[in-house]
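Peer 1: Those protein sequences? They're chains A and B, same order as listed. Heads up: the first sequence begins at 1 in my numbering, then just goes up one per residue. Heads up: the second sequence begins at 196 in my numbering, then just goes up one per residue.
Rather than coming from a laboratory, the hints here were simulated on the basis of the structure. Just so it is clear, the structure is predicted and the values come from calculations on it, not from any experiment. Careful, some of the hints might be misleading.
Distance condition first, Cα-Cα at most 25 Å in a straight line; then the derived DMTMM-like pairs of lysine to aspartate or glutamate [stated by the list, open to error]:
no.	chain 1	residue 1	chain 2	residue 2
1	B	K246	A	D125
2	B	K390	A	E10
3	B	K471	B	E381
4	B	K362	B	E339
5	B	K523	A	E10
One-sided excerpt, in silico: chain B residues whose CB lies under 8 Å from chain A [said to hold, decoys possible]:
no.	residue
6	S231
7	N349
8	T521
Every residue, glycine too, gets a C-beta built ideally from N, C-alpha and C.
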Amino acid sequence: MKQYFLNIWETIISLSTGFGITWVHMLNIKKGNVTLQYPEEKWPRPERNIGFNHDDYNVIRSRLTVDMDDCIGCLKCMRACPVDCISIETVKAETRGEDIKDIGHVGITSSGSKKAMVVTRFDIDMTECCYCNLCTYPCPEDCIFMTGGPNADRHPIDYEFSEYDRTDLIYRFAKKGSKEKMEAQMFPKKEKAEA
Amino acid sequence: MGIIHGEEMVLNIGPQHPSTHGVLRLKVRTDGEVVSDIYPVIGYLHRCFEKHCENVTYEQVIPYTDRCDYVASMNNNLGYAITVEELMGIEVPEKVEYIRIIMAEFNRIASHLLALGTYGLDVGAFTPFLYMFRDRERILDMFELICGARLLYNYIWVGGVSHDLPKGFVETAYGFLDYFEPQVKEYNNLLTYNKIFIERTADVGVMPPDVAISYGVTGPNLRGSGVKWDIRKDEPYSIYNKFDFEVPVGKGELGTVGDCWDRYWVRMREIEESVKILRQALKALPKGGDVHQAIPKKIRPPKGSIYKRTESPRGDLAYYITSDGTPKPYRLKMRSPAFTSISVLNEISRGWMLSDVIAILGSLDIVLGEIDR
C-alpha cells in the first residue's frame, strides 16, 4: 500500500521536473531557437564555414568543379578516387604548350606549366561521388576542387544541386567538340580510306 | 497456477521500422505477448566492405571505414589509421595524437547522444531526443569547421590528419564543453530519473556478466553488466595512458546489474568522462607542428599481418590487416562491436514482453551499417 502511493508520488515528481525543464525551454524560445525554416531562410553561406583561414585548405564538401584551363590531364584525381566516379581521356597535343583555338584549349596553365595533353573527356559522376575529398589533394595545378573554400570568388559554394534527371548529375567538363576534333586530327588518313 | 502455453505466432518487425535503428528485420516468435525466440535477419545494408577493401589502396579504404559505423566515423578512421601505422612502423607527431583523441572523444559524445536520444524515443520520450540532437548538432558543426564534412569525415589519415585545426577551434571547443556540461544534468532530470523511464528499463533485459563475456559483447554493453573492461584503459592505444578518467560500470542502482537502465547509465556517464578527457587534451594540445609531417608518400606496408583493437563508442573495434607488400591490402577484416551485440539479443530478451524487446534492442545501441558492413 505504501509502495503504491510512493510510486504515484515519484511519478508526479518526475513528471513535474520534466515539465519544468520543457517549460523553461519554451519560455526561452526566441533565444534558444535552433531550427530554420529551410527553403525560406538559410544559413548565411560565408559564415557557415568561416572562423578559420581559407587560404590554406579546401575544407568544403560540396559540388566538385574543374577549371579546365588549368587541367593538364595527369589523371592523378582519377586514380585517387575510391569509387571511380571520375573518367578522363587525353590525347597528346601536337605542340607542347600551344593553344588550340577551335576547341578553346589553353596551352599554358595559370601557374605557368605547359600542357602536353589535350583533355578530350573529363566526366564526374556526382551520383557516385562520396565527397571524400581525396581527389583534390594530389592535383598538381589545384584545378579540381569542391566549390567554395579558397576558390569561392570564382566558384561560390553550392550545396543545392539536385536535378530532375540522373544524367544531369554527370558533369562534363571537357571543352565541347574537343574529342571529335582531336580524333579527326589523329586519324585523318583512316577516315579518308573509309570514305 | 503455472504458465499457460498458447499457440505460438511469428511476428515480423522491420526492415522498415523506426525502432530497429536501421534496416534490421526481426523474426519474433511470440506466445501471446511473451517472446520465446528472436531471429535477427541482417544483411540488408551489406556492401562487401572487406572484399572491396582488397581492391582499393590503403588510403582509399578510409572513406569506406567512415560508412561502417556512420554515427562515429572518427573512431572508425582512428582504428584503421592506428592499425596501418603499426604495420608500417610510423610514429606520428604528438600534435596529431592529441587532435585524434579530441576528435574521437567528441565523436564518442555525439554517438552516445544519438544512442541515448533514440533510446528515449524508443520507450516513448520525445523531448530528450530533440535536446540531444540539438547538442549533437553543435559537435557536427565543429567537425564541419575542421574538415568540411558533417557525418563522413575522412579526416584521420594514415600518419596524420587531413587538416590542421582551424584558428579559434580550441575556444569553440571550450565554449561547447562549458555549454554542454550543465546539459547532462538536464538530461538526467528529464530522462534518467524519470519514473516512467525507470519502470520501462530497470530490471528489464538483464544481461549477466558471464553471458556478456561468452557472447563477446564489448563496450558500454559489457560495462553495463558490471565488467570493468575498457581498451582505452586496459590496453591503451594512441596516448590514452596520459589521461585521467574513470571507467564507469553498471552497479544496478535501480534494478539488477546488467539491465537496460545500467547500459543507458554507463553511456550517460561515459559522456561525462569524455568531457574530462577533452578538457585535459585541449589543455595539453601542442601549439606548433605540422600535421602532415608523418604522412607517407606511398602507403606500402611490409609483408605481414596485424590485429589491433580500439575502443569505439560501441565497443571493441578491431582491424585485421594482411599485407603482401603491395599498395592494396591482401585481406582486411573488421571486427565490429555492434555485430556481437546483436547476437546476444535472443538470449537476453527471451521471456520478455514484445514492447520490452524494443527497449532491449535500443539499449544495445546497434548501428546497422557496422553489422552488415
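Peer 1: Give a verdict on every hint.
Peer 2: Checked hints:
1. K246/B / D125/A: Holds, at roughly 23 Å.
2. K390/B / E10/A: 6 Å, holds
3. K471/B / E381/B: 18 Å, holds
4. K362/B / E339/B: Holds, at about 14 Å.
5. K523/B / E10/A: 60 Å, violated
6. S231: Where the cut-off is 8 Å and the nearest Cβ of chain A is about 30 Å from S231/B, the hint is violated.
7. N349: With Cβ-Cβ at 4 Å, under 8 Å, it holds.
8. T521: This hint is violated: T521/B lies away from chain A, its Cβ roughly 15 Å from the closest one there, beyond 8 Å.
Hint compliance for this structure: hints 5, 6, 8 are not met, and every other hint is.
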